[in-house]
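Knowing the structure of chain X, use the given hints to seat chains P and L on it.
Chains as they are written, first to last, in the numbering used here: chain X, 1 to 281; chain P, 1 to 733; chain L, 1 to 163.
These aren't lab readings, by the way, just hints derived from the structure by calculation. This structure is a prediction, so every number in the text was calculated from the model and none was measured. Cβ coordinates follow ideal geometry from the N, Cα and C atoms, glycine included. Just so you know, not all the hints are guaranteed correct.
As the list claims (entries may be wrong) - Derived DSS-like pairs (lysine-lysine); straight-line CA-CA distance at most 25 Å:
| no. | chain 1 | residue 1 | chain 2 | residue 2 |
| --- | --- | --- | --- | --- |
| 1 | X | K41 | L | K20 |
| 2 | X | K41 | P | K104 |
| 3 | X | K41 | P | K44 |
| 4 | P | K125 | P | K658 |
| 5 | P | K658 | X | K150 |
| 6 | P | K719 | X | K240 |
As the list claims (entries may be wrong) - Among chain L residues calculated to face chain X with C-beta under 7 Å, some are:
| no. | residue |
| --- | --- |
| 7 | I24 |
| 8 | G25 |
| 9 | E46 |
| 10 | Q47 |
| 11 | G51 |
| 12 | Q60 |
| 13 | A61 |
| 14 | V62 |
| 15 | C63 |
| 16 | L66 |
| 17 | V67 |
| 18 | A133 |
| 19 | S135 |
| 20 | G136 |
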Amino acid sequence: MSVVVPRTLTDALRAMAANPSALLLQGGTDLMVEINFNHRKPVDVIALRKIHELRAVKIDGETISIGAGLPYQEMESGQIAELVPALGQAARTVGSPQIRAAGSLGGNLGTCSPAGDGLPVLSALDAMINLRSANASRNVSIHEFMVGVKRNAKQPGEIIVSATVPIVRGWQGFAKVGVRNAMVISVASCCLVVDRTKGSIAVALGAVGPTVIRCRQAEQWLSTNVDLKQDAMIGAKLAKEFGERVANEARPIDDHRGTAEYRRHAVATLASRLLQRSGAR
Amino acid sequence: MAKVTGQFEFSSDLHAENMLWGATLRSPHPYARIANIDLSAAYKISGVEAIITAEDVPGKKTYGLISSDQPVFASDFVRYMGEPIAAVAADHPETCRRALAAIKIDYEVLQPVTDAELALSPSTKPIHPDGNLIRHQRIIAGDQNLQGEVVVEGVYEVGMQDQAFLGLEAALAMPDPGGTGVEMWVATQWLHEDRKQIAACLGLAESKVRLTLSGVGGAFGAREDISLQVHCALLALRTSRPIKMQYGREESFFGHVHRHPAKIYIRHHASRTGVLQRIEAKMYFDGGAYASTSSAVLINGVTHIQGPYKCSNATVDGYAVRTNNPPCGAMRGFGVVQACYAHESQMDKLAQACNLSPVEIRLINAMQTGDKLITGQVVESVAPVARCIRETDAIAMPAPLALDADPLELVGGTGLTSLPENIVRGVGWGVSIKNLMYSESFDDFAVARCQLSDGVATLKYATVEVGQGFVVLAPQIARTILGVDEVVLDTVDTGIGSAGSTSASRQTWMSGGAVDGACRLVRQRLFEHVGAKFNIDPMRLVVEDTDIVDMIGDFRISVIEASTGVVIDETFEHHHRPTEELDANGQGNCHVAFAFVAHRAVVDVDVELGLVKVIQIATAQDVGRVLNPVAALGQIEGGIAQGLGLAIMEEIVLENGKMRNPSFTDYLLPTALDAPKVVAVMIEEPEPQAPLGAKGIGEPPCISVTPAIAAAIRDATGKELPRVPIRPQDICL
Amino acid sequence: MSIDNEIYSLTVNGELHQVKDAWIGESLLYVLRERLGLPGAKGACEQGECGSCTVIIDGQAVCSCLVMAATAIDSEITTVESLAEKYGLTAVQDAFITEGGVQCGFCTPGLIVAIEHLLNKNAEPSELEIKEAISGNICRCTGYGRIFEAVTTAVATRKATQS
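Extracted from the complex, chain X is given alone in its bound form:
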C-alpha cells in the first residue's frame, strides 16, 4: 500500500507506469466519498494535487486549454469566465465554495457522471481531452471520451492532463435545475453555444442520459431555420419547438432526484430559455 504525491507530471506518469492500477486522486470530492461510504478500498494512490502543470491555463488565440486539476473556483470569474462564459457559469454551480476549491474538470472527466456540471459545457464546445501516459500523449474528443455511466476512454496508466476548447464568437450559456438554490446535484442541465462565425449552434444536456447528450438533430433543425451568423431575436414559438426537439434527444430515467418526465420537461424548458437568451439584447 502506498501514497505517492508527485510534484511533476513526469513523476506522476512514472508512478503510473510503475503501478497502472493505482487510484488517481485529484480534488478528492468523488473518490473520498466512495472511501468514506465504504464503497471503495484504496490500495495505492497517486495524488495529483501538487502538480502545477495540471493547473495551467494556456490561451493561443483561438483556443483555451484548461489544466485538468484547475479548481472550479478559478473558472467562476476572471479570464476563463470571460472567454468561456458557459464554463464560468457551470463552475459556479458545482457543489459549495469548499468543493469548488478542490473539484476540477479532471475530476468530472475521470468520474464521468452524467451529472458532472462541467461536462455539458465541454461537450457543447467539442472539447479535446489530452491524456498522457509515460510514453505517449493523445487527444481524444470529449464525445469519444465519455463512453457511458461513469465510464470513459481513459486507459490504465493514463492521466487526464487538460481540456481544450475553442474561444467562440457568439452567445453561450449554462443552466442547471436542482431542488435547492445552492449546493445541489443536477437534476437536469443544459449548455447552449452559438457560434456566430460558423453559423452553428451546439446544445448539450446533463443528467438526462447515461452520459452527457449532444442534441445534433435539434441543432441541425435550428441551423436550417435560423441564420445563426446574425444576431437575431428568437420568437417564443420557435424557442418552444427547439426545446421540444432537444428534449426528444434526452434519455432520462426516474430516480430519487427526479422523474424522467420532469427531466425531459426541464431540459426542454432550459434549452428553450437559453436559446431565447442567446437572441436577447
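Just chains P and L now, kept in the frame of chain X:
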C-alpha cells in the same frame, strides 16, 4: 464560548485510552426472515475483539419508549431496512467495517408491507407479534350528522422528514471493573429514560448504569429513542474496554426514528359565511416497523386536527400503523405538523368556497381562551389566535422582485434557470395550535437543585441542552432570584432526579420551573439566615440587584457577604398540572396547555420549471413571555427553516421500504441561500400556568410554516398540491 | 494495529505532527480528530455536503473529510483551534456568541473557518456574497438568520478596529 473555538466536547469528540470502536451490522432488507448468522469469518479478522448478537443480550431483549417492541438485535425477523442484527468491537473503524462485511447472514426475503392503509387490511398478515395496528383513537364530538351549507374536502399527504441534526449519534461506554456496571457519555434528550431502557436490556440495576450528558449536536426529537446506547454498553461489558460508537450520516438515517408520513382524508362543513361547523377526518400515521412514540404522535394528530379554530362537531378516526418502513417517532411538532398541513389546506379551500380571504376565514373562526376543543377540553391557556393573525398581517410585504435582481436572488440561484419574467409571486397563510409538554395523564416532572455558598450559586439538573439555550436560561433565573453574579452549572448526569425529555417545548416550563423553585427555596433560607443574624423579619427582605435589602428599613447586605461561610442546598421538583387520558370517544382533558402561531409566506415560483424560492416568512407567535430575545428569535428562524424543508425539499424517499437517499447529497436541507427573510413578532401575554410566564417556543415555528408555503405556491400556480414536500414535477407537470 | 502502517507528517497550525500506523483511507478529518487531538473540525456527512469539517489548506477553505490525509503532506493546514490562540476570540467568534449564531454548535467551527476565510479575502462582503460563501455550511438549528447577523456584526467590528 467553547462552541466557537472548537473546544466544546460533542459526543463524537469523546475519547478514552485503550478504547475500541464499535459498529453495527444492519439489514439491507425491509422485511426478511433471518435463516442463519455466521460470525466465523468476521472473528478471524485481526483486530476484532467482540461480536455480539441477540443471544448476547443478558436482560430484556427489546426496548421502546412507550411499548417495548423493538429488539436490541433482530434475531428471527428484520422488519425494516437498517435494523441492527449484530455489533462488533475492533481496534479501528476500518477493522469494524471489514468485520461487518465478513458477517454472513442468510435471509429469506419477504414482501414488505409499506402502505399504512393496506397494513390494516384484514388480508394483510401482521408483521409483528403485536399486530399492525399500533393504536386507534376516535374523537366523537357533538352532532354527527350535521351537513354544512358549504362542504370542502381533500386528501393530504406528508412525506417522511428526517431530523437531520448535524451531530451524529455517538457515545462512549466505560465498563466498571468486573463488569458490574457501566458508565456512559452520550448525546440524548432524556438521560433517565435512556438509563431505564439500557439497564433493563443489560439486566443491571439502574444504579449500576450511570449516564453523563455529552455535547448534543442537535436533536429535534430523534434522540428520544435509544439508538446505539445498548449496543455500546454491551460491547464495553463484553470486552472490558472502553467502547466508542459513532454513526456516519448514512447509518444515522437508519439509526434513528423519523417524522411520520401521514395520509389524511378530511372534510370541513361550514356555513355560507364561513363559520366552521363540523370536521370529519380519517388520519393514518405510518409508524414504520416499531412503535416508538407513535401512539402519542397519533393523539397529537387527532386532537389538533381542528387547528386553532372553534368547532363543536367532529368525527375523527386516527390510526398509528406498523409497516416495514423505517420506524417513526418524535420530531419537532410531533403529530401536529401533519394535522396542520391538512387543516390549513382545508381552511384555504373553505375561504375560496365562501369567497373570503385566507385572513378573513381564519379570523372568523379563531379560537379564544375559554373555547371548548373537540376533545371537550376547555382552552385555559392564553390564546391570542386572532392577534397572531392580525399582527402577522400587519408585517410589511417584501419588495417586488426587481427586474435587475442578482441571480442569487432569483429562483434557481446560480443555476441560472429563471429570469424575473419566468417567476410568479404567491402569498399563503398558515396558523397553528400546539400542545405544550406531555399529555394523557403522564406525570411529567423536572428536578433541579440549587446550592448557594460564598456568593456562588451552583445548579444541578439532568436537563439536556440540545442547543435550545437552557444553559443560558438557568443561570439567568438563578441570578434574577438570588442576586448572585456567579452561577456554576454542575455536570448534567443521572446523579440527580430526572428532568424529563428536552422535547415537547417543555424544558423552559418544566426545568425552568424546577430551577426557579429550587432558587426560591434557597432564597427563602438565605432570608431566614440573614433575618436571624441581624434580627430582621425575613418576610421584609427582598433581593435588589446583588443585595438583600429590607423593604421597610434601610438594612442592606450584599448576597456575597450574606452567604459567606454558609451552604444552603435545596432541591425542587416541578410538576405541571395533571392531565387525563382520552376516553373511547376521544373526550378528556388530555393536554396541559397550548401555544399559537401564525405564518404568512411569500414565495417566488418558476411555474414552468416547478422551482420555488421562499422570499419572506412573516410570523407572530404567542410566546407568553420572552426570556431571551436572541434565543427566542433563533428558535423561530430555525423552526421556520425546518418547516420550509418539509414544504419543498426534505423527504426520505422510500421505494418498497428501501431508503433511496440516506445521505446529505440527496436528502436536501435548506442552505443559507434557501433561507427566507424572517420577520417575527413575539406576542407577550404571560401564561398564568407557566412558572416563568413563558410558553415553550421551540415547536410552533415549524408547524404552520409548511402549509403557509404550500398555500403560497398554490397561490402562484393554481395547483391543488395535496402533498408535501412539493416537488418540481408536482408544480409543472 | 492491524490495518496499515502508513507513516507521514502533517503541518497543522504551524506545527509538524507525525502520523504513524495509519490506514491509507483515513481522511484528514479523521486524522485531525482521532490522531492529532484536534477535534474542532466536525464530521456530519462525510461527503462535502455540510461544511462542518472546513479547514484551510494552503490558503483554501476545503472540506477535510474529502482530503486523503496522507496526501496532505507538504501543505499548511489551519484549523479552528488556531484562531483564538493568541489574542482571545476573533471578531467573528465573538459575534457568533452575542448575536445568537450558535445553538447546538456543531456547525459552528466549520462556519467560523469559512467566514474568517471569506473576510480575509473580502473585508466587506455584500449580503449575497456572505450567503454564497456559506452556502456550503449547513446549519440545522438557526435557519441562518442569526448567523447572517453575526457576520454583519463581525464585519463592522473588524472595520472599526482596523481604522
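Right, here's what the structure says about each hint:
| no. | hint | in the structure |
| --- | --- | --- |
| 1 | X:K41 to L:K20 | holds (19 Å) |
| 2 | X:K41 to P:K104 | holds (20 Å) |
| 3 | X:K41 to P:K44 | holds (19 Å) |
| 4 | P:K125 to P:K658 | holds (20 Å) |
| 5 | P:K658 to X:K150 | holds (24 Å) |
| 6 | P:K719 to X:K240 | holds (23 Å) |
| 7 | I24 | holds (5 Å) |
| 8 | G25 | holds (5 Å) |
| 9 | E46 | holds (4 Å) |
| 10 | Q47 | holds (4 Å) |
| 11 | G51 | holds (6 Å) |
| 12 | Q60 | holds (4 Å) |
| 13 | A61 | holds (6 Å) |
| 14 | V62 | holds (5 Å) |
| 15 | C63 | holds (5 Å) |
| 16 | L66 | holds (4 Å) |
| 17 | V67 | holds (6 Å) |
| 18 | A133 | holds (6 Å) |
| 19 | S135 | holds (4 Å) |
| 20 | G136 | holds (2 Å) |
Hint compliance for this structure: no hint is broken.
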